[in-house]
Every structure is written in C-alpha cells, then in structure tokens.
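**Q** Sequence:
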Amino acid sequence: MNREAPVIGVLALQGDVREHLIALAAADAVARPVRRPEELAEVDGLVIPGGESTTISKLAVLFGVMEPLRARVRAGMPVYGTCAGMIMLADKILDPRSGQETVGGIDMIVRRNAFGRQNESFEAALDVDGVAGEPVEAVFIRAPWVESVGAGTEVLAEHEGHIVAVRQGNALATSFHPELTGDHRVHGLFVDMVRANRTAASL
1 MNREAPVIGV LALQGDVREH LIALAAADAV ARPVRRPEEL AEVDGLVIPG GESTTISKLA
61 VLFGVMEPLR ARVRAGMPVY GTCAGMIMLA DKILDPRSGQ ETVGGIDMIV RRNAFGRQNE
121 SFEAALDVDG VAGEPVEAVF IRAPWVESVG AGTEVLAEHE GHIVAVRQGN ALATSFHPEL
181 TGDHRVHGLF VDMVRANRTA ASL
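Read left to right, the sequence shown gives residues 1 to 203 (UniProt numbering).
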C-alpha cells in the first residue's frame, strides 16, 4: 500500500460498512470504521454508507458524532454518501421522517425511497462524470433521487431523467451502491478527492 495513502473512515453506525471498508482499501486508502468523535478526528475523509437514513441520523446524535461531523463537513473535510448517505448529505429532504436530521453539505433536495421498495431494487449501467472507462454498474436498493440542485452543485449522473450522483466541492453523493459490485472506480474518485484536499491543506 502507498505510504501516503489517505486515512478514510466509514461511519459505522448502521448499513453496509464492511463493503465500503473493502472498496476503500482496494482504492489505495487506509480504511477505518468511525463511530465516535475521537475516531472522526483521526480521518482525512469519511464515507456515510447506505442503510436507513432515519436510523443513521438518530444513532449519529446518540453517539455524539452528528455535530462534530457537521463541523468537519463545513470546514471542508471530504465526505461521500451512498443511498442513505446521500440523504444524510442533503441540505433538504422532501419527505423527512419525524425527527430526522441531516449532516448537510450539498445544496440539493432529495426524495427518500424514490425508486421504490426493496423488492423493486435494480441495476443500471451509468456514465458517471469523473469516472473514466466503461459505464458504472449501479445497484439501486430503496434508493433516493435528487429532486433539484443549487447552482454550486454538479450533476455527475442521471438515470431515466432523475439525478443520481452529485458533487459539491469536497462532498460527493450517489443514489446507488458502488461498494456492492467489485468496481472500485467511484471509491477511487473519492480517494483522489481526499488526497487532493490533504495536499492542498499542507501547502
């Protein structure tokens, strides 16, 4: 492994944490689970995995990590959210559950479970800006989509007219689960973002 590999955490409160840890390691990062503020303080970037966004939100508050995470995202720490993680990074949820909070960081409005229920899960080949080569095989499981974005948010991919991948500065989000396919290019894009941010901070 590259000695200079960035240290990237995966928020390990609920969801497909192990798969993200494996994908990040394959993309040449040092990957660690993060549950508490002191663990968050030790990473260069963070992945918020899929799962159930309301549960992740409540556990983040319970474990005392929500406010430190918001502060680090505001300060420019790179962050990547998949599926429920996309919802967590939205500045606004169109149909929030009672008491549901978000980290914020991306000027977008998301719709929860927009692509249907668990039994309506599907895969699709997507062209994703910033990911070279053949299309990304995207797995959608009870996935959200992005209803609208602000002027500073870049749309990276769409599926059937719906926005499913976005980036704003150091924040990246996808409706789909690239950690489930064995294709680590989207994680590679995020690792490159973390590496670039760390380099810029050291200048």
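Watch out, some of these pointers could steer you wrong.
[Claimed, not checked] Distance windows between CB atoms, simulated:
| no. | residue 1 | residue 2 | range |
| --- | --- | --- | --- |
| 1 | E160 | G64 | 21 to 27 Å |
| 2 | N113 | R32 | 26 to 32 Å |
| 3 | S98 | N119 | 35 to 41 Å |
| 4 | R117 | A201 | 41 to 47 Å |
| 5 | G150 | A71 | 17 to 23 Å |
| 6 | A196 | I109 | 25 to 31 Å |
Note that these hints are calculated values from the structure, not bench results. Fair warning: this is a prediction, and the values are worked out from it, not measured in the lab. The beta carbon of each residue, even a glycine, is placed where N, CA and C say it ideally should be.
**Q** Now look at each hint and say whether the structure bears it out.
**A** These are the hints, each one checked on the structure:
no. : hint                    : verdict
1   : E160 x G64: 21 to 27 Å  : 40 Å, violated
2   : N113 x R32: 26 to 32 Å  : 30 Å, holds
3   : S98 x N119: 35 to 41 Å  : 25 Å, violated
4   : R117 x A201: 41 to 47 Å : 42 Å, holds
5   : G150 x A71: 17 to 23 Å  : 21 Å, holds
6   : A196 x I109: 25 to 31 Å : 28 Å, holds
Against the hints set out earlier in the document, violations occur for numbers 1 and 3.
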